[in-house]
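**Student:** So the chains spell out like this:
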Amino acid sequence: MKSFALNRRRFLTSVGIAASTVPFAGCDALDGFLSGGSPVRDVLATANSLTYRVQRMLIDADKLAPEFSSSEIRQGQRPNGSTDPNDEAYLAHRTDNFASYRLQVQGLVEKPLSYSLAELQNMPSRTQITRHDCVEGWSCIAKWSGLQLSQLLDEAKVKPEARFVVFHCFDSMNAGLAGNVGYYESIDLVDARHPQTILAYGCNDQPLQIANGAPLRVRIERQLGYKMAKYIRSIELVSTLSPFGKGKGGFWEDYGYDWYGGI
Amino acid sequence: MNENLESDSAAGSVILRHRLITRLTHWCWAIALFLLLLSGLQIFNAHPTLYVGAQSGFEFDNDVFSIKAMRDAAGNAEGVTTVFGKSFDTTGVLGVSGPDSAQSYRGFPAWATVPSYQDLATGRVVHFFFAWLFAVVFLLWLFASIINGHLRRDILPTGGELRSVPRSILDHLRLRFHHDGRYNVLQKLSYGGVLLVIFPLIILTGLTMSPGMNAAWPWLLDIFGGRQTARTIHFACMLLLVTFFVVHIAMVVAAGPLNELRSIITGRYRISGHRTDMGAGK
Numbered sequence: 001m002k003s004f005a006l007n008r009r010r011f012l013t014s015v016g017i018a019a020s021t022v023p024f025a026g027c028d029a030l031d032g033f034l035s036g037g038s039p040v041r042d043v044l045a046t047a048n049s050l051t052y053r054v055q056r057m058l059i060d061a062d063k064l065a066p067e068f069s070s071s072e073i074r075q076g077q078r079p080n081g082s083t084d085p086n087d088e089a090y091l092a093h094r095t096d097n098f099a100s101y102r103l104q105v106q107g108l109v110e111k112p113l114s115y116s117l118a119e120l121q122n123m124p125s126r127t128q129i130t131r132h133d134c135v136e137g138w139s140c141i142a143k144w145s146g147l148q149l150s151q152l153l154d155e156a157k158v159k160p161e162a163r164f165v166v167f168h169c170f171d172s173m174n175a176g177l178a179g180n181v182g183y184y185e186s187i188d189l190v191d192a193r194h195p196q197t198i199l200a201y202g203c204n205d206q207p208l209q210i211a212n213g214a215p216l217r218v219r220i221e222r223q224l225g226y227k228m229a230k231y232i233r234s235i236e237l238v239s240t241l242s243p244f245g246k247g248k249g250g251f252w253e254d255y256g257y258d259w260y261g262g263i
Numbered sequence: 001m002n003e004n005l006e007s008d009s010a011a012g013s014v015i016l017r018h019r020l021i022t023r024l025t026h027w028c029w030a031i032a033l034f035l036l037l038l039s040g041l042q043i044f045n046a047h048p049t050l051y052v053g054a055q056s057g058f059e060f061d062n063d064v065f066s067i068k069a070m071r072d073a074a075g076n077a078e079g080v081t082t083v084f085g086k087s088f089d090t091t092g093v094l095g096v097s098g099p100d101s102a103q104s105y106r107g108f109p110a111w112a113t114v115p116s117y118q119d120l121a122t123g124r125v126v127h128f129f130f131a132w133l134f135a136v137v138f139l140l141w142l143f144a145s146i147i148n149g150h151l152r153r154d155i156l157p158t159g160g161e162l163r164s165v166p167r168s169i170l171d172h173l174r175l176r177f178h179h180d181g182r183y184n185v186l187q188k189l190s191y192g193g194v195l196l197v198i199f200p201l202i203i204l205t206g207l208t209m210s211p212g213m214n215a216a217w218p219w220l221l222d223i224f225g226g227r228q229t230a231r232t233i234h235f236a237c238m239l240l241l242v243t244f245f246v247v248h249i250a251m252v253v254a255a256g257p258l259n260e261l262r263s264i265i266t267g268r269y270r271i272s273g274h275r276t277d278m279g280a281g282k
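Chains as they are written, first to last, in full-length UniProt numbering: chain S, 1 to 263; chain E, 1 to 282.
With the rest of the complex left out, here is chain S (with noise of 0.2 angstroms):
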């Protein structure tokens, strides 16, 4: 058995493999290759798609989000994006404490609808605690009241051609040399049907704070965070997503991110 020996040849090799790791290491050499709009990036981001339909073959439409015991909420519901609208409407409505707020339901709609936040809060209500899921990685437990949006999709009666359902809201976000955008989100109907699917008005047993978006949020508990869109103004059925914004289905998405939040 020959023993180990750093001859030339082998150090040099040894030295060769090493040094050939190297280059890799300037990560910048691949930016090129990702950013919005190159084709490599639009292939990788193909795997969302996979992942969103393989999600929706493997979890049923009614399978619930997971919910926790009222000890498990330990802090207050951390706020992140936009936390305090300064948008014109807005503020009228936050001046006279949402007595004037109306949502509306709208778009491939048989009846559209138009109801107070006190009419809201009369209809039938579904408390949850459920852990939100922040992109950035974090977790929060709360417990969120609200109304199933089921309830006013049944209400307005949905054209059979209506795919999605689009959340349009009063707050804008800086989004650099376009200016301030104003922030829209969307959902498919199987989520948008969702049992824990709802128009939250309270959060904690307080009413929804300024920060986590009132006067209604929508709590989309098998998605992540930004699919959960604060400030909500109205609500539009759509068969496709296009005319909004970039037309990828959602402010964030419009930036990069996927439409599909389960993952």
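It should be emphasised that the hints constitute simulated quantities derived from the structure, not laboratory data.
Some clues are possibly wrong.
[Unchecked claim] Derived contacts from chain S toward chain E, CB cut-off under 10 angstroms, selection only:
id	residue
1	Ala-29
2	Leu-30
3	Arg-74
4	Arg-78
5	Phe-98
6	Tyr-115
7	Arg-131
8	Arg-222
9	Trp-252
10	Ile-263
[Unchecked claim] For the chain E half of the interface with chain S, some residues (derived, Cβ under 10 angstroms), not all of them:
id	residue
11	Leu-133
12	His-150
13	Ala-215
Idealized CB from N, CA, C, for every residue including glycine.
Please arrange chain E on chain S, whose structure you already have, making use of the hints.
**Tutor:** Positioned in the frame of chain S, the structure of chain E alone reads:
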């Protein structure tokens, strides 16, 4: 390895060591894990703190690891990494990195992430694509290795081999390697640990972080102790894989890199010594 795979050339001194499926899956994993690591660090940078339990403590303490950028008394930025309550100054690499003229305040430095700039959305696109590739290749490998006997013959150690662990460790400390083409018990244990423990663990903890999968398979949350614990285990698996990679490369270099590289590219491996001289092998 399989006697019947032996080649006729050079009087039996060159054998076919790795099957095509082993070589293909090896290189798919090498590429996928490389990009998973770099895009994973990009994702981690969006919230560079790890916790145990179901949720992240913002008003209570359940963090076990964090990387922060802080100001010291003189007003200079310093990177502080905290592990189980013990803090370390990691300025230059973790927390605060980049040239002095353009310091950036981020968990892992630009050279360790894909893309190099901070872009969570793109990091996720890259991560999930290669996560699919990684998992599909794993299932392919597992299926093939059960069918063709690779798992039983080359990965799972026998009782006798397990008893020879101390001797094998001594051999390795003396840098004595047996080049008979078979895996020794330490190789079996490390490859088995990576393939049969860490790979499934990192896939399952990844799935546990998906709110969709939490609805589909809520038992995942139970076995891993909550979403944030799963995230911490996912990160720990990454550290173990990086450690494995370093040792793996060191052993390839020590054992004769050209021969080792050739065997994982072409399958052909030159054995040294006599087949009866394999010590721990039988």
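**Student:** Does each hint hold? Answer for all of them.
**Tutor:** Do the hints match the structure? See the list:
1. Ala-29: holds (9 angstroms)
2. Leu-30: holds (5 angstroms)
3. Arg-74: holds (6 angstroms)
4. Arg-78: Hint on Arg-78(S): holds, closest Cβ of chain E at ~5 angstroms, below 10 angstroms.
5. Phe-98: Cβ of Phe-98(S) sits 27 angstroms from chain E, so the hint is violated.
6. Tyr-115: Violated, about 29 angstroms.
7. Arg-131: holds (6 angstroms)
8. Arg-222: holds (5 angstroms)
9. Trp-252: Result: holds, 8 angstroms to nearest chain E Cβ.
10. Ile-263: holds (4 angstroms)
11. Leu-133: holds (8 angstroms)
12. His-150: violated (26 angstroms)
13. Ala-215: holds (5 angstroms)
The structure does not agree with the numbered hints 5, 6, 12 stated previously, though it agrees with the rest.
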